[in-house]
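Put together the whole structure using the sequences plus the hints.
In case you want the letters, here they are:
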Amino acid sequence: MVNPHLPLEAEVVERIQESPTIFTLRLRFTDPVKHAAFRFAPGQFNMLYLYGVGEVPISIVSDPQDEHLFDHAIRVVGRVTRGLEQLKAGDRLGVRGPYGRGWPLKLAENRDVMVVTGGLGCAPVVSVINYVIRRRDNFRRLVIMQGVKHSDDLIWRSRYSQWSKLRDTQVLIAANVGATLWPWHVGHVTELFDKVEMDASRAMVMMCGPEGMMQAAVDRLFEHGVPEDSIYLNMERNMHCAVGLCGHCQYGGKFVCQDGPVFSYPEVKGLFDVKGY
Amino acid sequence: MEAGFFPRDRFQTLLDALRQFGYRCVGPQERDGAIVYDTLTRAEDFPRGMRDLQSPGAYRLEPTDSPRFFIWANGPQALKPFVFAPREPLWRSERTADAAIRFSEINPAPEPLAVIGVRACDLAALRLQDRHFLEGPFADPGYAARRRNLFLVVVHCTHPADTCFCVSTGDGPRAAQGFDLALHESDEGYLVQAGSDKGRALAAPWALAPATTTQQQQADREVEDAARRQIRRLPSRNLRDDLFANLAHPRWEEVAERCLSCGNCTAVCPTCFCHSEADEAALDGRHSLHLRQWDSCFTQGHSYIHGMTIRADTRTRYRQWLTHKLGSWHDQYGRSGCVGCGRCIAWCPVGIDITEEAAAVCDGGAHG
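Read top to bottom, the protein sequences are chains B and V. Residue 83 is where the first sequence starts when you use this note's numbering, and the numbers rise one by one after that. Residue 3 is where the second sequence starts when you use this note's numbering, and the numbers rise one by one after that.
It should be emphasised that the hints constitute simulated quantities derived from the structure, not laboratory data. Be aware that one or more of the hints could be misleading.
Stated by the list, open to error - Straight-line Cα separation of at most 20 Å, EDC-like style, residue types lysine to aspartate or glutamate; simulated pairs:
1. B:K357 to V:E259
2. B:K357 to V:E255
3. B:K351 to V:D243
4. B:K188 to B:E310
5. B:K357 to V:D315
6. B:K351 to V:D244
7. B:K188 to B:E349
8. B:K116 to B:D148
Okay, here's the thing in structure tokens:
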């Protein structure tokens, strides 16, 4: 029987500081055979193990065709991520995965794609943006909407500028508080929906961020005529095992680690505005 | 298979046969005022004539003159601790001299275990735990190893407690399947029925006399009487829609004022499967053990996520427990997660009664 709990050893190939609290680890399994066999879909996650401390679920941000390395953008929040932050190139950690169901990118082909994110740089949807841009002809318009509390919280700022120059691509960014020289909107991200240019009835929307922000965005999308089954959300819950056993990530009858972390809106709407699930 | 009759004074034969087949026997015994399953080698160790009196927040044993061994309903344990270990290592990591990390599996090698005196409710709960730990996309190796090594001797329940409601969940008092041997107890002895090849192999040398029609009828009548004596029931076997239509019911607030959020109900529940994982690093830093242990949705940590707690108050925790147990289990495993054993009622320090709470929340009108 395959032991689903056992991590594999991986090596940090490169570490990139993205913001004061966010860093990216570029990883490779130390066993070349295991590394070559590793496949994932955008939106899936790995469990990263810090030696002697514990595991955390972190989404994979790199492109599935970049077989050389796989990347995790990590925000420092707890004991494990604070320790992972200390890792340098050449250091080892444990990795198991990939887990969960990723973004519906096949379904999104030949349609307008909109990604909506809130909070501190949202790694799960960055994988979608990169995926679409690399396969640009497979998709129609790309609308990128990002909200942050303070303009300093926006990571990958230069990437957003580059993306905004691409054909058929619209970048809409809002910061509740904007520093000087902030080129984008100051205010709430939901104020930007009227500026969105896309075929709402045929668009595919993918979002991640705080649930209150996602609910507000869903409400605005409905006003603009986006059907509910074209809206996909990335859910986050406590996870210990990532294989549907430990029970922490239950969301009603769903196990976020297995049935998600990406859900269509109809799958979660029953509990979405109920606090405590 | 036809039932055979086995006199009580031959019970030692059963224990010896199981030992010969390589099993350690655990069976009911009186410990600290409760019936617990513990290693048992002699028939004299059974709690002869011991009756349990259970009510919300109360569990008491009372001796009687009965010669029977199984006139109690249940104790705090079910089969859960024998398959889903309360605490166990999952794997080990080791830091080598060149700063690499080596991971190694810890393969449990459990001894074959025979449990005597299993109840129908607990067998139903084991079936649910099997579905959770073995039949999903990732089977759990520790659970699987212990489960394979289990020999189950059921005793059909003839003495339900006041807290029992297995009739309303459809899980008892008679065990229908999933056992190796099933016994029906009378004052004289036992009707024995094999439910598996292992059970047949064990019982074959005993050459039991077939049960008489009178014995069989008496056995059936006792189980039917036991079913009739149950005073508690759930409003229905599927409360999923009723519960989720009532997430704002004032009863959640009311029960939260009584509930201590202690997690006793989840510890004694034979189907609760939540567990947490943690590392236990050696002091010299050279290796670390990755462990799991039972967790409860009533703890602060259960719903913790990057800096916030999804269920910070008792209202949302009790609601999570009840709407999962009686509601979303239907989505996950096609039936309710409650087998009607009543343990959560007896072992709740403030006597919260799941049947009463479920009825109050599902009282008719929706409180969206």
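Hints and how they fare:
| no. | hint | verdict |
| --- | --- | --- |
| 1 | B:K357 to V:E259 | holds (18 Å) |
| 2 | B:K357 to V:E255 | holds (14 Å) |
| 3 | B:K351 to V:D243 | holds (15 Å) |
| 4 | B:K188 to B:E310 | holds (18 Å) |
| 5 | B:K357 to V:D315 | holds (11 Å) |
| 6 | B:K351 to V:D244 | holds (17 Å) |
| 7 | B:K188 to B:E349 | holds (19 Å) |
| 8 | B:K116 to B:D148 | holds (15 Å) |
This entry satisfies every hint, going by the numbered hints stated previously.
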